[in-house]
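These are the residues of each chain, in order.
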Amino acid sequence: MAGPIIELKDVVKRYGALAAVNGVSLSIEAGSFVALLGGSGSGKTTALKTINGLVAADAGEVRVEGKLAASQPGWALRRRIGYVFQEIGLFPHLTVAENIGVGPKLAGWRPAEIAARVQDLLELVALPQDVAGRLPGALSGGQRQRVGVARALAAKPAIMLMDEPFGALDPVTRDALSRDYRALHEHLGLTTLMVTHDVWEALLLADRIVVLSEGRVLADASPAVLLAGHPDARVRALMDTPRRQAERVRALEAGGA
Amino acid sequence: MDPRVAAAWALLPDYLGQHVLVSASSLVLGLAVSLPLAVAASRSAALRWPTLAAASLVQTIPGLALLALFYPLLLALSALSRTLFGHGFAALGFLPSLLALSLYSMLPILRNGVAGLTGVDPAVVEAAKGVGMTDRQRLFTVELPLAAPVIMAGVRTAAVWTIGAATLATPVGQTSLGNYIFSGLQTENWVFVLFGCAASAGLALIADQLLGLIESGLAKRRRWRVATGAIGLAIGTLVALTPLVGVGGGQARYTIGAKNFTEQYILADLIADRLEAEGAVVSRKDDLGSSIAYDALKAGEIDAYVDYSGTLWANVLKRTDNPGRAAVLAELTRTLKARDGVVVLGSLGFEDAYALAMRRSQAEALHIRTLDDLAAHAGQLTLGADLEFLSRPEWRSVREAYGLAFKRQVQYQPTFMYRALESGQVDVISAFSSDGRIAADDLVLLADPRQALPPYDAVLLVSPKRAADPKLVAALRPLVGAISLTEMQRANLSVDRDKASPAQAAKILATQLDQQVGARLH
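Same order as they appear, the protein sequences are chains W and R.
Going by my numbering, 123 is the number at position 100 of the first sequence; the sequence numbering is gapless.
Going by my numbering, 635 is the number at position 321 of the second sequence; the sequence numbering is gapless.
In case anyone wonders, no lab produced these hints; they're calculated from the structure.
Coverage of chain W stretches by chain R, computed from C-beta distances (three or more under 8 Å per stretch; other residues unrestricted):
no., region
1, 92-101
2, 104-110
3, 122-131
For glycine and all other residues, C-beta sits at the position ideal for the given N, C-alpha and C.
Could you build all of it, start to finish, from the sequences and the hints given here?
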């Protein structure tokens, strides 16, 4: 592969006096699954949105598939990038099929192609075909986010940006959905960048974790490397939490046996 | 059926058609302007406040005043266009009504438009951007459909307001259901007033229900509801407009003006009847304000009407002197022709003078016969005036000539002015000498020894455009010198108190004229 599919160089985004993103550089290879991990106010969502142009960087460079993001209209950029976020934002006046078909329709697909694509996608995200004609209001939270994922995938993007995609779901649904998505990621050969504040989620899903704090990158490594130890105390503290939880679970199991 | 109800029904197709025409056009224009404005205001917070504030400000202007203000504005624009492009446009009637009512309809559409568009779930907006919609695509496929029920609710409010306010278009020369109300009020024809109110309310109710069907159809995504509402509106509008189509093809068309009182309605009917007898098609512009009528004649928007020499002397020529009846008439005839091209065809034969009147009993008790006598008692008396007298130059000259200072001054619509004098709420009124109610109510007119009030000969005026029109002149010429004060008073009283319609009074007057002509021939 000729160079990274997504590249951020010294990206800065300020809101008034506050620098939400304060010089972030990232280079993401095609096919990787990267988690942007951080607490609220760490700048992870803002950094993500500079990639699909929902946020314009004040300084630095963002390149997507080798091209400068700032050199093209935002809508054109976004048609090539899937976007899933916690609030989902399904169009309440359109049916599930129409919601999923929005991207392909914008790209000028023929109605028959769109219909076939909707059918495939419903299967891919494990939804029954009969939800196609329903309005989003008639779906459960988990079903809605499955439709959200299907909508983001509809125009066959190579890149998926996900902002706390499963954050609002109950633990069981959330686990099922994130495992299903990870499988889709492999199956479709996607490049996924997922924002999360949940260390567990990052550890279980991602190949690589980028830890952000106050708009800067604190750590950038594989889950195994981060768990093994890190020079920054804040990163070590972050990684300690899942370890202690896991030890506790193990102790409980041993005691109960 | 009561003859007044029958008369009201007979006028309904024209009045309703005109009413629907002006309110529907205003609503469409208002929508066409305020919807894009609402979109712009919803996207720019900087634009939102000034836009909504301006629309609210317009709403605080009384409807009648807003309509009236558009007339001088359009008149000036029309004059400008005549200088620049060689032709002007009608500043009276449809245009000022359309503009004023469209402005009036904007606030609810704007307010609901902005509320609807800014109220769209931010997550949905984010998703629309996320899938790669352009601003335009987002507006048309997401924001407008989602805001549609709220916008429609605003359109509904606007429709009800516009249909109600359109009744106020009558005084600027736009026929509407308000014609029932204004002329009914003037001639104490309460059947007409009630009929006008009911018709306008009924129309508003039907429009509201049909728009409500569209609104709920949009909210609940029921296409058939939207379709039923839209089709109902379209059919209703078309049916209402049908009577307006195909009037007067080819034939000469004359427009006769009338100010807003009984005598004017009767005389306009008399003139119209005579023209129609000659095979002409005649339309009417009733309830015009005093100075609006003259300006409209000058501009050719009406072809003929009756005015009063003193009124023209004071208001058009701005004169305050009083050289006597014949001299005033002669000078008016000369100056109006030379200055405005308006032809004074001649006097009808009677005066309808402004005169101060009192109840005979009170005048005798106080020994008041003249305005000089009145001045001594004015401090204890209340003056009731019609709506324009106190702002006319004649009042200024009377007041100054006699040093009149009343305890209180109250303005009334003329019908109520006479009633107020009768019931003792006021002691002196600004009466009209040809008014039949002077005799009927046993009033005395106070003498004007200092001649502060000019003579008020009723004169026939013809527009510059029709000055040499043989048919019009032939129809009007026989009226010159033909109507005596007693005849006019009797005709006025038959309408004001005996509930005859102005048209009936005009017919009786015409019969009397024919008999006179017959008698003269024998």
